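Undergrad: Single-letter residue listing:
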Amino acid sequence: MGWRKIIVEYDFLYSFTKDILNLDDSIIHVGIMNKFGVLLNVEHKDHVTPLLTDEENEEYASQSITRHKKRIEFEPKIGKVIYAFGRYKNVDRATVPINNDYYMLLMIQREQNSTNRSHQIIVEKILPLVEVERKKFVIE
Amino acid sequence: MITNNDFLGALENELLGLNKSIRWVGITNEDGIQISEKYREGLKPFLTKEENEDYASHTMDRHKKRLKFEPKLGELEYALVKYESVNRAIIPINRKYYLLVAIDIEENEVDKIIMEKVIPTTRKRQMEEGSD
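Protein chains in written order, with this note's numbering: chain E, 1 to 140; chain Y, 1 to 132.
For reference, chain E alone in the conformation it holds in the complex (with noise of 0.2 Å):
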């Protein structure tokens, strides 16, 4: 076997975390790493002041990745992981894999009155275009 090369074309990397962070007002932040947590691309809403310093979303993205690895150990017994998320007191944060190569980074705007609007955007919004534009996210 010889070295896998990955290939995904910037401008599709560019356009998907622009359509990911345009699928709803309450997506603030997306980020798009891989599977050794370098962030690639990252966009985040205008109009929101970014809660972490672009040092501190590499260091999350390269912890995510970390935390990722440890969960799968169990994916024999209980499935693939879907998504990951945390709930914090001021913002909701979500991983969710691309392909085995490839992870996407949200951090979702909290509504203090509504439950389940976060799992709803990853579930109904971001999890079908994922699926979509996977096999954009090319392995060779």
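Hints listed in this document are in silico derivations from the structure and should not be mistaken for laboratory results. Keep in mind it's a predicted model, so treat the numbers as computed, not measured. Beta carbons: idealized from backbone N, C-alpha and C, even for Gly. Don't take each hint at face value.
Claimed, not checked - Listed next, the stretches of chain E that the computed footprint assigns to chain Y, with coverage defined by at least 3 CB atoms under 8 Å from CB atoms of chain Y:
| no. | stretch |
| --- | --- |
| 1 | 19 to 28 |
| 2 | 48 to 58 |
| 3 | 76 to 83 |
| 4 | 90 to 100 |
Dock chain Y against chain E, hints included.
TA: Relative to the frame of chain E, chain Y by itself:
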């Protein structure tokens, strides 16, 4: 004390009774050592007791990495992983103890169950018990 077996048993029974989709409840300490667990009656578990203990340890490892970001993101209310077969969540009870919950994958109101039932019930029990 939260390690009181009567308290833990009563809490786990009460949590399992909150919703029929709650499959399993476990309590782990900050070091990832699972100190108690209870299954829904008649359940065929996905993970063995040893695997659940391993999962608890991994979950706490993951959780410790999140703590650094709490000053900016706010305290974690719960974290959840949706697997193909089951939802698994961790809910901080306090800085020393954590609740682990497995919920059926068919359940669509996981957030509501955790935010409106599991967390309030745990807080109430905790206050009654005077545990910290």
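Undergrad: Look at each hint and say if it fits the structure.
TA: Tested hints:
Counting residues of the stretch 19 to 28 of chain E whose CB falls under 8 Å from any CB of chain Y gives 0; the rule of at least 3 is not met. Interface restraint, the stretch 48 to 58 of chain E with chain Y: holds (3 residues with C-beta to C-beta distance below 8 Å; minimum three). Figure legend: the stretch 76 to 83 of chain E, annotated as covered by chain Y; annotation consistent (7 residues with Cβ-Cβ distances under 8 Å, at least 3 required). Counting residues of the stretch 90 to 100 of chain E whose C-beta sits closer than 8 Å to any C-beta of chain Y gives 3, which meets the bar of three, so the coverage hint holds.
In terms of the numbered hints stated before, the structure departs from hint 1 and from no other.
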